[in-house]
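Engineer: Input sequences plus hints: build the corresponding full structure.
Here my numbering is used: the first residue of the sequence shown is 87, the next is one more, and so on.
Simulated from the structure, these hints should not be mistaken for laboratory data. Watch out, some of these pointers could steer you wrong.
[What the hints assert, rightly or not] Straight-line C-alpha distance at most 25 Å; calculated SDA-like pairs for lysine to any residue:
1) Lys195 - Val210
2) Lys202 - Arg137
3) Lys216 - Val129
4) Lys96 - Ala201
5) Lys195 - His138
6) Lys202 - Val129
7) Lys216 - Asp141
8) Lys96 - Leu108
9) Lys96 - Asp185
10) Lys208 - Ser188
11) Lys216 - Tyr205
12) Lys202 - Phe136
13) Lys195 - Gly206
14) Lys90 - Glu109
15) Lys195 - Tyr132
16) Lys88 - Val98
17) Lys216 - Asn174
18) Lys216 - Thr123
19) Lys216 - Glu131
20) Lys208 - Arg152
21) Lys202 - Phe133
22) Lys208 - Ser173
23) Lys155 - Ala172
24) Lys96 - Ala172
25) Lys96 - Asn174
26) Lys216 - Phe133
27) Lys90 - Met101
28) Lys195 - Leu135
29) Lys96 - Lys208
30) Lys195 - Gln143
31) Lys208 - Tyr132
32) Lys195 - Arg152
33) Lys195 - Glu97
34) Lys216 - Val184
35) Lys216 - Ser188
36) Lys96 - Ser173
37) Lys202 - Ser190
38) Lys155 - Leu135
39) Lys96 - Glu109
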Amino acid sequence: MKDKEAFLAKEVDRMRDEIQHLERMKFLASKEDLTGTSPLRLVAEYFNLFRHGLDVQDLDGSTPLRLDKDHAQKRYLQRVMASDVASNRGFGVQALLVDWRSLSLRHDKLELALAKLDYGVKDVVVADAKIYTTKSQNACSTRYLLV
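Structural biologist: Pasting the structure below:
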């Protein structure tokens, strides 16, 4: 009985989170300044595409990352990011994708939720986000944990 209660409590929490996520997406989609290809719209799309990390079946960190040309996240980054975009592992879209693979490898469940999106000083886009995660066994056994 307790197992069923725990399961149902987790499902209710998950559904609440999903409702909040959908409400945020609806709110962001309805904002007038997010139409077309405005910077705010591009950032919102980035958070939506990467909300669960990198979408790949093989998350083995020991092999080079190879995504086909039709991979949606890769295509998006190639379309909107500068060719020398900076990431923790270097510069360029490929380095950014490797960072995302590393995060996805170390977290069983990863959810990146956009909480607030606005313009800052000099048209800089400021995004407040929440990250929900479950650490994987791999993350716990890694000597130097990078988050």
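Engineer: Work down the list of hints and note, for each, if the structure agrees.
Structural biologist: Here is what the structure says about each hint:
no.	hint	verdict
1	Lys195 - Val210	30 Å, violated
2	Lys202 - Arg137	14 Å, holds
3	Lys216 - Val129	15 Å, holds
4	Lys96 - Ala201	22 Å, holds
5	Lys195 - His138	7 Å, holds
6	Lys202 - Val129	11 Å, holds
7	Lys216 - Asp141	19 Å, holds
8	Lys96 - Leu108	18 Å, holds
9	Lys96 - Asp185	30 Å, violated
10	Lys208 - Ser188	32 Å, violated
11	Lys216 - Tyr205	18 Å, holds
12	Lys202 - Phe136	16 Å, holds
13	Lys195 - Gly206	31 Å, violated
14	Lys90 - Glu109	28 Å, violated
15	Lys195 - Tyr132	18 Å, holds
16	Lys88 - Val98	15 Å, holds
17	Lys216 - Asn174	20 Å, holds
18	Lys216 - Thr123	24 Å, holds
19	Lys216 - Glu131	16 Å, holds
20	Lys208 - Arg152	37 Å, violated
21	Lys202 - Phe133	11 Å, holds
22	Lys208 - Ser173	22 Å, holds
23	Lys155 - Ala172	21 Å, holds
24	Lys96 - Ala172	37 Å, violated
25	Lys96 - Asn174	34 Å, violated
26	Lys216 - Phe133	11 Å, holds
27	Lys90 - Met101	16 Å, holds
28	Lys195 - Leu135	15 Å, holds
29	Lys96 - Lys208	43 Å, violated
30	Lys195 - Gln143	14 Å, holds
31	Lys208 - Tyr132	21 Å, holds
32	Lys195 - Arg152	22 Å, holds
33	Lys195 - Glu97	15 Å, holds
34	Lys216 - Val184	21 Å, holds
35	Lys216 - Ser188	19 Å, holds
36	Lys96 - Ser173	34 Å, violated
37	Lys202 - Ser190	23 Å, holds
38	Lys155 - Leu135	16 Å, holds
39	Lys96 - Glu109	20 Å, holds
Consistency with the previously given hints fails for numbers 1, 9, 10, 13, 14, 20, 24, 25, 29, 36, ordered from lowest to highest.
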